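K.L.:
From just these sequences and the hints, can you work out the full model?
Residue numbers (my numbering), protein chains in the order written: chain U, 1 to 399; chain R, 1 to 399; chain P, 1 to 399; chain X, 1 to 399.
What the hints contain is simulated information worked out from the structure, not anything from laboratory work. Among the hints, erroneous ones may be present.
Pairs count within a copy or across copies, as identical chains cannot be separated in the list.
Stated by the list, open to error - Listed below are the simulated DSS-like cross-link pairs for lysine-lysine, each with C-alpha atoms no more than 30 Å apart in a straight line:
1. Lys-399 to Lys-104
2. Lys-138 to Lys-36
3. Lys-104 to Lys-58
4. Lys-36 to Lys-399
5. Lys-138 to Lys-85
For clarity, every value in this text was computed on a predicted model and none was experimentally measured.
Protein chains: 4
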Amino acid sequence: MGLTAEDQMVQSMPDASPTKWHLAHTTWFFETFLLKPHLPGYRLFHENFTYLFNSYYKQVGSHPNRAFRGLFSRPSLEEVHAYRKYVDRHMARLMENSGEDVAKLVMLGLNHEQQHEELIVTDMKHALWSNPLRPPWKDNQPNAEASVPPLAWVDFDEGLYSIGYEGDEFSFDNETPRHQVFLNRYSLATRLITNGDYLEFMRDDGYSRPELWLSDGWDTLCAQRWNAPLYWEEREGQWNVFTVNGVQRVVMSEPVCHVSYYEADAFARWAGARLPLESEWEVAAAASKIEGNLLESGKLHRQPLAELASDSLVTRSSDRRIRQLFGDVWEWTSSPYTAYPGFAPAAGPLGEYNGKFMSGQMVLRGGSCATPQSHIRATYRNFFPPHARWQFMGIRLAK
Amino acid sequence: MGLTAEDQMVQSMPDASPTKWHLAHTTWFFETFLLKPHLPGYRLFHENFTYLFNSYYKQVGSHPNRAFRGLFSRPSLEEVHAYRKYVDRHMARLMENSGEDVAKLVMLGLNHEQQHEELIVTDMKHALWSNPLRPPWKDNQPNAEASVPPLAWVDFDEGLYSIGYEGDEFSFDNETPRHQVFLNRYSLATRLITNGDYLEFMRDDGYSRPELWLSDGWDTLCAQRWNAPLYWEEREGQWNVFTVNGVQRVVMSEPVCHVSYYEADAFARWAGARLPLESEWEVAAAASKIEGNLLESGKLHRQPLAELASDSLVTRSSDRRIRQLFGDVWEWTSSPYTAYPGFAPAAGPLGEYNGKFMSGQMVLRGGSCATPQSHIRATYRNFFPPHARWQFMGIRLAK
Amino acid sequence: MGLTAEDQMVQSMPDASPTKWHLAHTTWFFETFLLKPHLPGYRLFHENFTYLFNSYYKQVGSHPNRAFRGLFSRPSLEEVHAYRKYVDRHMARLMENSGEDVAKLVMLGLNHEQQHEELIVTDMKHALWSNPLRPPWKDNQPNAEASVPPLAWVDFDEGLYSIGYEGDEFSFDNETPRHQVFLNRYSLATRLITNGDYLEFMRDDGYSRPELWLSDGWDTLCAQRWNAPLYWEEREGQWNVFTVNGVQRVVMSEPVCHVSYYEADAFARWAGARLPLESEWEVAAAASKIEGNLLESGKLHRQPLAELASDSLVTRSSDRRIRQLFGDVWEWTSSPYTAYPGFAPAAGPLGEYNGKFMSGQMVLRGGSCATPQSHIRATYRNFFPPHARWQFMGIRLAK
Amino acid sequence: MGLTAEDQMVQSMPDASPTKWHLAHTTWFFETFLLKPHLPGYRLFHENFTYLFNSYYKQVGSHPNRAFRGLFSRPSLEEVHAYRKYVDRHMARLMENSGEDVAKLVMLGLNHEQQHEELIVTDMKHALWSNPLRPPWKDNQPNAEASVPPLAWVDFDEGLYSIGYEGDEFSFDNETPRHQVFLNRYSLATRLITNGDYLEFMRDDGYSRPELWLSDGWDTLCAQRWNAPLYWEEREGQWNVFTVNGVQRVVMSEPVCHVSYYEADAFARWAGARLPLESEWEVAAAASKIEGNLLESGKLHRQPLAELASDSLVTRSSDRRIRQLFGDVWEWTSSPYTAYPGFAPAAGPLGEYNGKFMSGQMVLRGGSCATPQSHIRATYRNFFPPHARWQFMGIRLAK
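P.N.:
In structure tokens form, the structure reads like this:
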């Protein structure tokens with residue numbers, strides 16, 4: 001990836017983690033939840049790693065303060081790689097002779113690792129941005145400006161719908177159980193909000209008008225002196241943005257990204273609309289059959305942000321079809337992250353995976369350009385606090 | 001009330017306000033939203049009060065930092081009383097010749113004042129407790145221990161229900177519009193959790209077992225060193241509690257009170273149950289016809305906390321009826337405070353009344369012993385952050 | 001004094017205390033250190049006051065966090081007055097039959113009270129300023145502009161000098177023992193720096209040039225956004241200042257006041273001079289015989305700040321005489337507050353009076369317009385942290 | 001040194017810096033103050049390094065927040081080494097043809113680098129300790145327990161002495177000018193306080209008795225929960241200490257180290273003594289001719305802390321001679337760090353080197369086991385805030 005051992009050390013804020021930590025922690029996950037309980041005679045790679053790379057599983061034992069992950073020069077990156085190989089080797093042995101229980105845990109471990117793959121991207125982007133040199137990580141060409149279809153609406157009828165995961169593939173516990181929800185008639189925007197759209201909000205004094213903002217949002221704006229999305233900076237009257245490819249001009253036709261829930265909500269209010277409920281989003285996504293099928297068959301061409309990919313775009317067959325649902329930016333919903341009716345977290349420490357975070361966070365849907373493609377599905381519930389901006393987060397309107 | 005001008009100055013934490021401020025601010029509300037726009041020729045009582053007693057209405061103008069309300073020795077309590085008389089007099093004049101629009105705003109102003117009546121109680125209780133002398137405010141006798149009926153469950157069928165306010169009486173905008181929700185089959189506990197119940201949780205190491213807690217809750221517990229509800233203190237192996245009547249023994253048969261959402265949620269998990277959704281609560285409350293009728297006819301005898309009243313108790317006709325729904329303690333629900341589908345806040349500054357707080361708070365239902373009785377209704381949505389404990393907040397289980 | 005019970009409740013910052021607290025604490029001092037140990041059979045006025053009004057004497061027992069003094073609505077002001085009368089009455093009895101030991105402690109108690117008299121003025125000024133109404137406390141007329149003599153210098157020879165208190169009158173332990181210091185040849189300015197002088201510094205970008213500032217000073221300036229002395233505010237291009245007589249125009253001929261050590265030091269650097277050592281100041285003050293004699297005979301007419309007095313000025317007999325040494329503003333010296341060689345604090349809790357604060361503070365000399373006149377002397381050492389501004393603090397240059 | 005590029009990235013607290021940063025910053029110093037102004041045609045190694053590696057020289061321009069130095073994965077360690085070579089090469093060219101002015105600056109640059117050599121040791125020790133693995137850096141054998149001579153006193157007469165640097169060798173500006181001070185008769189302890197001595201203080205409840213502590217010290221102790229020197233930890237009733245050689249038993253005969261000024265002061269008070277003035281220390285050190293001569297001739301064998309050296313000890317010829325003055329631990333004095341009379345910092349940005357820190361810090365004398373030997377001299381003034389503990393700081397008593 002072109003990242004040095006030094007790059008993989010950086011923790012630029014408590015919310016983000018060093019790449020090396022992500023590599024070690026995902027390995028720890030397999031060691032702790034698979035090898036230790038299920039592989040007879042397994043010997044820990046290093047006695048202290050059980051503590052050192054525990055993120056937050058209180059039932060496994062205590063763990064370091066998460067703000068200090070950047071202080072661990074030891075183990076070295078090389079040792080972490082050795083740790084990974086050691087665990088991989090033992091995982092191969094374990095999987096030779098194991099049943100369904102283990103297979104399910106392996107699937108969880110792999111999905112856990114996929115989540116951290118995405119975090120490696122978002123955290124490293126933030127780490128590099130925190131360096132005054134603003135070093136680029138990759139050297140993709142920026143997207144050129146493209147034409148943007150007018151924002152249109154797709155309507156959905158009032159009625160009882162079912163949401164949540166049901167089936168035999170992998171899903172996280174928080175996507176279940178599938179259950180019914182009653183929705184009023186609603187409409188969803190056919191496309192994401194672009195940088196150009198968002199700049200209109202900024203130029204209309206969006207960041208100076210408290211009546212557009214939630215109270216907590218306004219307080220955060222004032223305290224953090226927000227006046228644009230994260231990574232944007234004005235130079236000589238021109239808006240630039242830091243990307244993994246370095247600092248570039250803002251491309252107006254791209255989806256706006258790195259905005260908080262507060263900003264998304266304020267934008268929606270300014271636009272005379274609102275953010276969708278997560279149930280509204282899921283119903284629309286499930287209904288979006290063509291994209292759904294493409295996703296399953298692996299043929300989906302996502303509309304990428306320039307910074308992470310530069311290949312082809314979706315053919316825009318129709319302005320009335322809902323576009324950009326999967327793999328562009330995570331879409332803020334107006335739904336706080338809570339348990340589905342009947343939700344039951346796993347027994348034991350793995351029950352801490354999702355359930356204990358059901359407080360103070362908002363649900364995001366859809367997956368971003370940094371999300372592994374096979375990790376994206378209509379029922380997936382991502383969640384972050386309303387002030388978070390460093391994930392690839394954007395805006396779709398509803399009304 | 002037996003409160004001196006000095007007592008009415010105290011602000012014991014930023015969340016609470018001095019009594020004098022409450023008196024002035026509720027007056028300001030009438031002056032700002034009624035007299036100024038609707039009474040021709042009205043002259044402000046004091047030019048600077050528009051600023052000084054604005055709580056958070058950004059569209060009215062700027063306002064002092066809320067943490068500094070306890071610094072305002074001027075105006076004196078006497079001047080604030082004069083302010084109230086002046087505004088009352090002009091309100092009387094306004095109401096002689098005004099139409100429905102004004103009448104609606106008057107109703108809002110009165111309900112606003114009722115909310116602050118309750119806050120005067122909760123904030124003053126906290127203020128007195130903050131004084132190491134722990135002075136009592138009233139001198140009611142504590143309740144004696146009473147027998148507590150076993151905790152039973154009332155079942156509700158799966159189905160589509162309607163919640164939210166609809167009618168001609170007053171309601172806040174956040175109670176509307178009435179709308180349909182689909183509920184799974186559920187059960188609600190017939191009574192509140194008592195101090196005795198809660199003490200079992202404490203004795204079973206409830207405050208030392210992270211697996212029972214939300215992640216944010218556990219962090220708060222550690223940072224604040226919580227080991228009991230607010231106002232509880234152990235002296236020589238005996239739990240006492242500060243009440244408006246001074247420090248008293250904890251009465252085990254009374255509803256547990258002054259617990260945060262985090263504590264309520266942890267208790268429920270420990271008990272193998274959960275907190276109700278606000279919709280589940282409202283459906284049950286609306287169904288609770290007997291109590292409903294009593295409430296309307298003003299004949300409801302609430303089950304009071306000892307500290308604020310000591311009169312008669314509800315006759316316990318049946319253990320299978322849901323008791324203590326109204327006027328004992330606010331009941332934490334598992335529902336974050338969000339907009340009902342179709343919610344539209346009022347235009348102008350009054351739109352800031354409720355809507356802009358729809359972030360980071362949980363809904364409470366039912367009303368407490370400090371809530372004015374006519375202010376209680378089944379559709380009422382109170383809301384506080386999950387760490388708040390100084391309101392009269394308690395626990396009802398669902399499953 | 002025209003201060004209501006409500007006024008006397010206000011604590012506008014942790015460094016300042018409510019007037020009522022000052023009244024109670026100085027009474028506590030007599031009760032704790034005189035009556036309790038020396039008056040047989042003395043009964044405490046109130047059991048809990050020993051704790052409640054202890055400021056910081058750890059050897060007496062624990063004490064409330066100083067930031068919470070503004071929360072004590074009880075005891076009421078009336079009760080505090082009763083407390084004072086009760087203690088006064090018993091003090092009278094004690095003094096009838098007591099010896100020199102008690103007499104010395106009485107003297108300490110009186111001087112302690114004098115210190116708090118001054119703090120009542122400074123803390124109340126800050127309290128009133130913290131109220132957006134900016135209410136005046138008194139209604140003296142502001143000083144008119146007066147002519148200011150040019151700043152001249154008085155020279156002192158290199159040599160061994162003695163400083164510190166020696167004699168039979170009262171002094172604090174930190175003024176002793178008298179001891180020798182060697183001083184290089186130095187010069188002291190004949191007058192204090194005026195508002196007019198200071199405005200030149202401000203207009204020469206004094207608050208924007210880090211090279212003029214101590215590192216800690218610059219950090220404080222940035223964090224607190226200082227751009228003028230405390231209480232100054234610019235309105236329409238005109239500098240005003242909040243005084244106990246309300247907001248008034250800055251009088252250019254008056255001594256600049258309410259500046260921190262950092263500001264005094266930066267001003268001196270800008271002016272090509274420095275602040276005096278406390279020993280330099282004391283040597284000069286002791287030599288200043290005329291003023292000294294006047295002070296003793298009670299005939300000294302201090303050059304007052306307008307806000308606290310408006311009577312006559314010193315006749316300016318000579319520009320070469322050092323003026324304004326006593327009773328205008330406390331003069332920052334460049335001497336950190338440390339023990340004199342041979343310093344021995346009193347045994348027991350009274351040893352905590354001065355000695356334990358010999359860290360992180362700077363010495364100020366001379367006394368301000370708020371200092372009781374009999375409390376002023378050449379050897380007196382006042383001390384405050386270098387960022388403090390709410391005392392009446394000003395600048396005299398040396399070189 | 002056995003430190004990886006990752007090790008050299010760690011910044012374990014804002015006060016400490018990564019090794020890589022130290023390497024780059026000392027190079028920056030030569031580039032900025034020597035090459036840029038004095039080598040015609042010199043081209044910067046990297047445009048942005050002027051900003052990136054500026055520590056605090058405001059007159060050079062702005063600089064990063066010092067807390068973020070650990071985020072700079074770029075430039076890599078390799079690039080920093082290249083930077084050093086590049087600057088070294090140009091320095092060689094510069095020195096071929098330059099005069100005395102440049103020679104003086106070179107000397108300053110070298111002494112600056114020596115200071116950072118010491119900081120590399122102290123900061124890396126802290127960095128490794130911050131890692132829960134507590135990795136050792138070196139593998140020296142711990143010192144064995146040795147016999148400790150009884151603590152005796154050497155007396156000095158009252159009188160006028162001269163302190164400060166005067167001569168032709170290098171000194172920092174803050175050591176000048178040499179000037180006279182008057183000292184009372186005093187005594188200095190012949191040896192440093194040992195771990196064994198300090199443990200007696202701990203066992204006599206030294207950390208629980210507020211009357212022994214400065215007020216700021218007690219507050220710090222409570223806030224930081226100090227109960228032993230930094231790096232000490234109790235395991236099963238045994239005191240261990242983290243050293244650069246890993247965790248080891250505390251050697252009772254070694255000088256106590258890593259104590260703050262507050263702890264040194266409290267220990268002295270407990271012992272019925274005090275800390276020396278810096279002038280007292282310097283007079284004694286200058287009088288200590290034998291050691292002085294040894295130092296100059298390079299024959300001084302320091303009494304080392306086990307962790308950084310394990311070679312021979314000073315022969316203890318006499319108990320009445322003052323030992324361990326140089327190169328064991330920095331010795332806290334009771335003197336705040338202020339300007340000597342007549343002190344004049346250099347013009348321009350280099351004037352910021354020492355002068356602007358003359359606030360809020362205490363002087364330490366003598367040099368530690370981590371100080372380059374040629375950097376040690378009797379007039380040298382080190383300074384740190386009174387709460388600092390991560391330098392090799394210890395205690396010598398005076399009375």
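K.L.:
A separate judgement is required for each hint: does it hold in the structure or not?
P.N.:
Do the hints match the structure? See the list:
Within a single copy, Lys-399 and Lys-104 get their C-alpha atoms only as close as 40 Å, which misses the 30 Å cut-off; across copies the closest is 28 Å, which meets it. Taking CA atoms no more than 30 Å apart as the test, Lys-138 paired with Lys-36 passes in neither setting, with 38 Å inside one copy and 33 Å between copies. In this homomeric assembly, Lys-104 and Lys-58 come within 30 Å of each other (Cα to Cα) only inside a single copy, at 22 Å, whereas the closest approach across copies is 53 Å. For the homomeric pair Lys-36 and Lys-399, neither the shortest alpha-carbon distance inside one copy (50 Å) nor that between copies (35 Å) is at most 30 Å.
In the homo-oligomer, the alpha carbons of Lys-138 and Lys-85 lie at most 30 Å apart both inside one protomer (27 Å) and across protomers (29 Å), since each shortest distance falls under that limit.
Checked against the numbered hints above, the structure breaks hints 2 and 4 and satisfies the rest.
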